[in-house]
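Protein chains in written order, with the UniProt record's numbering: chain P, 1 to 318; chain C, 1 to 318; chain S, 1 to 318; chain X, 1 to 318.
These are calculated hints, taken from the structure and not from any lab test.
There could be a bad hint or two in this list.
No distinction is drawn between identical chains; accordingly, a pair holds when it is met within one copy or between any pair of copies.
[Said to hold, decoys possible] Think about it this way: if two alpha-carbon atoms lie no more than 16 angstroms apart in a straight line, the pair counts; the simulated EDC-like pairs of lysine to aspartate or glutamate are: (1) Lys191 <-> Asp167; (2) Lys23 <-> Glu64; (3) Lys140 <-> Asp103; (4) Lys140 <-> Glu294; (5) Lys140 <-> Glu293.
Take a look at the letters that make up each chain.
Number of protein chains: 4
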Amino acid sequence: MSGQREPIRDVAHLAHVELLTPKPEESLVFFRDLLGMDEVSRDGQSVFLRAWGDQQLYSLKLTESAQPGLGHAALRAYSAEALDRRAADLTNGGFGTGWSEGDYGHGRTFHFRGPDGHPMEIFYEAERYAAPSHLKPALKNQPQKTAAHGASVTALDHINLFSSNVDSESAFLQERLGFRLSEVAVTDEGKQTTAWLHVTNKSYDLAVSLDKTGAKGRFHHLAYKVDSPEMILRAADIFIDNGIFIEAAPAKHVAGQTLFVYVYEPGGNRIEVCAGGFLILSPDWETIVWTQEERKRGLAWTNPLPATFHTYGTPDIK
Amino acid sequence: MSGQREPIRDVAHLAHVELLTPKPEESLVFFRDLLGMDEVSRDGQSVFLRAWGDQQLYSLKLTESAQPGLGHAALRAYSAEALDRRAADLTNGGFGTGWSEGDYGHGRTFHFRGPDGHPMEIFYEAERYAAPSHLKPALKNQPQKTAAHGASVTALDHINLFSSNVDSESAFLQERLGFRLSEVAVTDEGKQTTAWLHVTNKSYDLAVSLDKTGAKGRFHHLAYKVDSPEMILRAADIFIDNGIFIEAAPAKHVAGQTLFVYVYEPGGNRIEVCAGGFLILSPDWETIVWTQEERKRGLAWTNPLPATFHTYGTPDIK
Amino acid sequence: MSGQREPIRDVAHLAHVELLTPKPEESLVFFRDLLGMDEVSRDGQSVFLRAWGDQQLYSLKLTESAQPGLGHAALRAYSAEALDRRAADLTNGGFGTGWSEGDYGHGRTFHFRGPDGHPMEIFYEAERYAAPSHLKPALKNQPQKTAAHGASVTALDHINLFSSNVDSESAFLQERLGFRLSEVAVTDEGKQTTAWLHVTNKSYDLAVSLDKTGAKGRFHHLAYKVDSPEMILRAADIFIDNGIFIEAAPAKHVAGQTLFVYVYEPGGNRIEVCAGGFLILSPDWETIVWTQEERKRGLAWTNPLPATFHTYGTPDIK
Amino acid sequence: MSGQREPIRDVAHLAHVELLTPKPEESLVFFRDLLGMDEVSRDGQSVFLRAWGDQQLYSLKLTESAQPGLGHAALRAYSAEALDRRAADLTNGGFGTGWSEGDYGHGRTFHFRGPDGHPMEIFYEAERYAAPSHLKPALKNQPQKTAAHGASVTALDHINLFSSNVDSESAFLQERLGFRLSEVAVTDEGKQTTAWLHVTNKSYDLAVSLDKTGAKGRFHHLAYKVDSPEMILRAADIFIDNGIFIEAAPAKHVAGQTLFVYVYEPGGNRIEVCAGGFLILSPDWETIVWTQEERKRGLAWTNPLPATFHTYGTPDIK
């Protein structure tokens, strides 16, 4: 963080993610009834959804498509000036794919692709959410009523990009967008296999995992957070009662120390419900480097992640 | 427990409660959408409801009436023989009001009234709940899917009878029904002001509180349990978001050490959502006696219960 | 429960367990500092320990021995008469090994061995725990201060006996001691592989698991409960920080639906920390029978138990 | 946030607080044994303590003094340049009281006083904590072992300054230090009565409350966070068992929606244990303004805070 150059601090947070699904109705039921999100709008083949605590208008755009996967990931800039600075820098780096007028709920938007081709965008101007009367909360510092259905996810937490080259992705995110590398797993040769990066005080807002199949630009997972470890366990109960495939039962990650449960939503995309973890407040946080040897312990409580975690992504390439 | 006489062990548990409400539609919304219960049947002005973990067919019969209050409280006997023994004993004591063929979901039933006139009944034969297909749980040792809406109450926990004479009520319940007195609050003169009694290993299944207005036979509250202290806090969040009056915010009782939140359902009846507390396993548990002096500390964490807790009951007599 | 014969209801609860350990000092540190128990007495090579919520004087007798394993498991009878009835019945069945004057904290005791040879005992007269001044709790309905160290286990929950013949063990416990079979796992041939049995309203107080090695009379595990699912996760954090081997990371059982974490204490005995689960209140609970096919789903959230769960017991026979 | 001027983003977080206590031994027992903190160093009449998750070397300097109160509050700058910018700006505003070489664990430090005279300081260079071997955690992204004693507080969360003039204090913190006003309570005349301000994504790092006694420069409270709502309840259990005065039992704040329990440590200072609350990620968060009318609802669950919350501070002026 401290160095010759002032750090880039232009990205405020992960704003929303567009997910593609070949089973739009069933995916909608998953996000709305099982995660407990609310529909805010529809447009063509897309439904816009929000979690009760999302500070943005929506955090998920669910779009019908032949294959599951990532439509795009959107970042919010700190200011109009910050947006312009990032657009210029991304253009200079050859990552930009141009400006648009924006989409539902946000203004002019700069589009770009990371090294592996993941479609991303950044904008600043955004419409605020105003809860309809039946969702007005008791406390006005909360965007809407606490969801009292399904897993009651609070808010979008992070996204994980499956990449053929984590080193490139990680460098790109740090250099062009100001992400800081909180933790990283490396091979004995020093090649990154998972990179956890943050722009907020959360220990990560975006992660990049090595796609062991060698495929490029796939989507690994999207995570919604809940308010306590116990709600992860409850989410898992809801998933089994409703026939959702659990890829990884509730446990605790080493990196970030978040509690999790991983499932595949009916469209095939991997979804995480997460909780806990720590905030990074120190301005001179030193990246935690996990060696292959250290990773052999498994998850925090020493149980393993399933092998599919390193090979399954969307679109599925089998 | 150990004495000359073998203890009476004929009552298995509190089976269900009939609540009267002048606002049947709003009360139904409260129990179904805010507590998260399911409707199992209707009959005339009554709706039968169950919590997802109730082992009986239903735990609540909600009946339209001019005034709120207790319709009746039903106990389940351990066996047909136990039922007959209790009926004979209640009849001998002059408490019996006769047999009936039963009601929805249960067979022949003996009706009686306690010293203050609270209507009660006891039966053994009961119809088992069979979840409809959309509520079939993943695990068959659970009656139905975990409720994923509202406060997700698990099961009926206990009932509290408001009484003009706690000593009489407490003696009646012990002598005629085999309840054991786990804890009791007494005045300096030794008069009981609250009695907590149990037939299961829970520290209480039924409580009796002194009605300081002197009225007879009123209803104090009904309690549904949730699976963790945290779910009490969440229930309170749901109540404020939906305009439910909270009489006593989440805190911890001294007796039983249960966590609670008390509200008035729209029909006016006081409802508790509770969690935690201890089991009584010792066969020679000695009744815990709380003096007036000791009760001055307030609740477990030293905050007070509101004054209405000792005067408000249903029907309301103001 | 309902049948021609009145059920036996003479056993109140599991009173304590004697564990043998070849590493007495390290085992003591485990129970005292990591589980958060307190030492109440010492006698020769034994240390007596209690959890803060145990209603009995102690729940664990930890005894130095060449091999780890079960010293004995002790049950408490409901009354002196109940004790005599059980002693007579056990003697008739050929299981009795005689009376003794008792041990630290309890009076005359009848000793017996189950079909596989596990040493057990039953008594009624027991000394009550009186907390020393530094452990006096704020609320006198609690035996001592809430443990504020280690995993803060509340109380002894259950024991699991490893057996070469679960059918025999299960029949013995039901017929001679009045345990009821809440759930059972069976092979396609109808042979029991795990039996869960209860005498309290807890869904099990004692379990018997098939020892796939064919060894007789070994010990499977002892379980202490904590007050919430979250405290299981916290226990696992404490275990990894202190070098305790986690055999099965926190997850949820199908039978009883308890949350758990399994570890090996330094002496080699398997210890569970558990939470949650349901109470059985229905007098006509029908035993839940799990087929081999149904058991293939794994644990509640579909993750597996490690294979050692079916082969490792103490003493270790490798 | 969005305006003509680029916002000041020079303060990284609240680094530590020096508390004065007339009962140093009892205060030390409170923080070490009841909150679960660890001593890292001593110097003269001061003891330096840290919570297990504090990223800084220590978060509390406990210093013997005739009267309780605030020794000083320390902020950490983002960089050496940021420190110099703030020092210059504070000097320009007439708030500076000069540079020092620093104190235990941190380098050169700029000292200043807010409008009401509260002693504060800011520094950048800081020594990192290295856990001694008996406190080495299993996971190296955690500073030390999870505390398994007392309330197990995770980290310093925020400080609340009692002020005779909240408007001045709030303006000072925003203009000179770059705090942003997340929420504010105002009188009908528009005078601020409580201001909640943040520099991190937490909804507040520092609050200012109106001292209704009119006294200047007193200390309101210091807050340590725990990892879940449930741990607040557990902290309260520990406090009652150990004779600590609970001023406000566990409940939920409206502002920030944090769960809390407030106690007076033996030296007289008000201490909060808090959990939960939301993060502010939106770069254009609009300050939530609470009117007197809105504040009449009480806390989130409608129960009141005790009157002493608005008059008791340290040093006590009675």
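Hints, verified against the model:
1. Lys191 <-> Asp167: within (7 angstroms within a copy, 53 angstroms between copies)
2. Lys23 <-> Glu64: Cα proximity of lysine 23 and glutamate 64: one copy only (7 angstroms, versus 45 angstroms across).
3. Lys140 <-> Asp103: Neither, since 27 angstroms and 42 angstroms both go past 16 angstroms.
4. Lys140 <-> Glu294: This pair counts as between: shortest inter-copy Cα distance 10 angstroms, intra-copy 46 angstroms.
5. Lys140 <-> Glu293: This pair counts as between: shortest inter-copy Cα distance 14 angstroms, intra-copy 49 angstroms.
The structure shown violates just one earlier hint, number 3.
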